[in-house]
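Peer 1: For the protein sequence lines, the chains are Y and Z, in the order given.
So the first sequence is numbered by my numbering: it starts at 95 and just counts up by one.
So the second sequence is numbered by my numbering: it starts at 4 and just counts up by one.
The hints are simulated quantities; they were obtained by calculation from the structure and are not laboratory data.
From the three backbone atoms N, C-alpha and C, an ideal C-beta is built for every residue, glycine too.
Errors might be hidden in some of the hints.
To be verified - Here chain Y is said to cover these stretches of chain Z; the calculated rule only asks that three of the stretch's residues, wherever they fall, bring their Cβ under 8 Å from a Cβ of chain Y:
1. 28-36
2. 41-47
3. 202-214
4. 218-225
5. 248-257
6. 263-277
7. 405-414
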Amino acid sequence: MLFFFRRSDIPDGSQLVLNVTGDTDKVAQVCTMSVDQNPSAPLDPTQPLSLQSPHAYAVELDITALAAATVTIDVSVTASGGVRVGVPFQQEITAAANDLNTIRCDLATEN
Amino acid sequence: MNRMAIAALLALALGLPLRAAEICSGDPTIAKCQTEVANQAQMDAAEGGTKRALQAKPTGPDSVGSVASSSVKDFVPPLDAIIQSANLDQKNQQLTLDFNVTSLGAPKLLAVQLQSVIRQPQLYQPVKDALSATRAQQLQGGINDAGDISAVLTLGLQNDSFGRRLRPNDPTFTRLFGAIVKVSPDELNALQKPCNKLLADLLAAKHAIRPIAGNDPKFSDFAPADQAKLRTVCIDSARKLGAKQAAKAQALQDDKIADFADLLNNQQQLVLSGSRRFKNNLVGPDETAVQLSYEWSPDSLSSHRSDLQATKDDALVTTFENISTAAKRAGRLKASAQYTWIDRYSLMRSADGLDLLRPTAHRFTGSVTWGQPLLFDSEGNHSGQLDVTGQYDNFSDDPAHKDRLVASVTYTQKLTDSFSLPIGFTYANHSEFLTDVQTRFSAHFGLKLKLPLSGGS
Chain Y
95 MLFFFRRSDI PDGSQLVLNV TGDTDKVAQV CTMSVDQNPS APLDPTQPLS
145 LQSPHAYAVE LDITALAAAT VTIDVSVTAS GGVRVGVPFQ QEITAAANDL
195 NTIRCDLATE N
Chain Z
4 MNRMAIAALL ALALGLPLRA AEICSGDPTI AKCQTEVANQ AQMDAAEGGT
54 KRALQAKPTG PDSVGSVASS SVKDFVPPLD AIIQSANLDQ KNQQLTLDFN
104 VTSLGAPKLL AVQLQSVIRQ PQLYQPVKDA LSATRAQQLQ GGINDAGDIS
154 AVLTLGLQND SFGRRLRPND PTFTRLFGAI VKVSPDELNA LQKPCNKLLA
204 DLLAAKHAIR PIAGNDPKFS DFAPADQAKL RTVCIDSARK LGAKQAAKAQ
254 ALQDDKIADF ADLLNNQQQL VLSGSRRFKN NLVGPDETAV QLSYEWSPDS
304 LSSHRSDLQA TKDDALVTTF ENISTAAKRA GRLKASAQYT WIDRYSLMRS
354 ADGLDLLRPT AHRFTGSVTW GQPLLFDSEG NHSGQLDVTG QYDNFSDDPA
404 HKDRLVASVT YTQKLTDSFS LPIGFTYANH SEFLTDVQTR FSAHFGLKLK
454 LPLSGGS
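Just need the whole structure built from these sequences, with the hints factored in.
Peer 2: Next comes the structure, spelled out in structure tokens:
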């Protein structure tokens, strides 16, 4: 499955938080990112990502199940004052072995 | 015929656009619409793949399971398989409650499991032996259901070399994933770019006709002309991204990413557990036990991590496949030692003429097992296996387990899916422990042979 998460007008210095809970020991997580179409090194999905203005971020988190697993993905963007930017995203996934699930985040910061 | 009907017929003639329009009905957010379209595109791709596979498949029964699927079952780690569970074992009349505690400490060095086992209480055998059957039955019926309960604490070492924990962002897996799926972020971003750009342009030009709720734009947040453009562009992007996602998923399955799980499964295991068994006085003495177990295989993720790290990206998949093949043929060692302290036991029931006294007792059991697949069929499944096992028991309260050493070497040849032929030698340090053998060569050695059809040994 492929899930989309889109937020725009994100204040400078906000943080993207990707949180996967549940049977996390049975899934492998690979997170890639590009900034303004330029790919960057793979990310550690457990660490918040700081979003700077003015840029367009594309973040993809691939979750591969190595065994049957149930995980919940939470995605949120929080401004520096702790205020949520838009509504957070939550999705529970029940995956069989070898299943690939991806959350794709398209994020645009304020100009 | 109205315009909607004509549009629908045209859309039907053109195929997928109608489906996309149907999927995104009800004014969803653009992200939600893209999610639905992408997943429909994935399903279409998967359906096409299944149809092609079925057309190419010769008639006949489907094979049940595969090496990969069975090894995935093996992957389920004993400590992490169940976050919290309750298992009722009807045969052994026991209920097991498991609770996996979150790993301790920042480095997550330990997996911790708490377990409670509630057994159906059974009258202590010496008590039973001293009573008439009727009286024994009466006493048995009077024992509280909580008359035999164990509490178990298990600790498993978890780091790069031990345990089966896959860290969230394992660099080895990250590289391998990239090498297998071969879909670069550039490709995916290029597909999504038209949608993102159009949306950014519309927002920058203040084309939204109302404030965007939840910072999650909907098509209806824009004027009809803009909506139409957004639908066309973003649905097209989503459909292409869905097809790429299907290709990524298929690449992972084709390259048997489950083999990665096999390598992880073969990692060393070091598990320490301690338990206390509380019994009703009619059930027997309380017990305390400590067990240490260790498992090792020569081919695991940790033993080949440096090989994988040293391999260049273009050769990574081939190297990984070679390592996986070796792992399937690798042997496995398991060693464990258990020490049990049995409390002093005393029971006086003058009405039943019972005056039982048992001193404290100690029980030691040590075992070592090595399993080595030897012969393989054309598909790489092992058809012959050599097992070397040894177990030493020394119980202070049981002559049948006093200074008892039994070792065996067994070769098992798989004859058909249903029948296997085990043949081997057994050694026992005392002749009375040499059981389950077909022929005795001496007081200590015997031949073990179990014919599949005779059912005897």
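Peer 1: Give a verdict on every hint.
Peer 2: To see whether the hints hold, each was checked on the structure:
1. 28-36: holds (count 4)
2. 41-47: The restraint on the segment 41-47 of chain Z holds, since 3 of its residues have a Cβ under 8 Å from chain Y and three suffice.
3. 202-214: holds (count 4)
4. 218-225: holds (count 3)
5. 248-257: holds (count 5)
6. 263-277: That given contact holds, which follows from 3 residues of the segment 263-277 of chain Z lying within Cβ reach (below 8 Å) of chain Y.
7. 405-414: violated (count 0)
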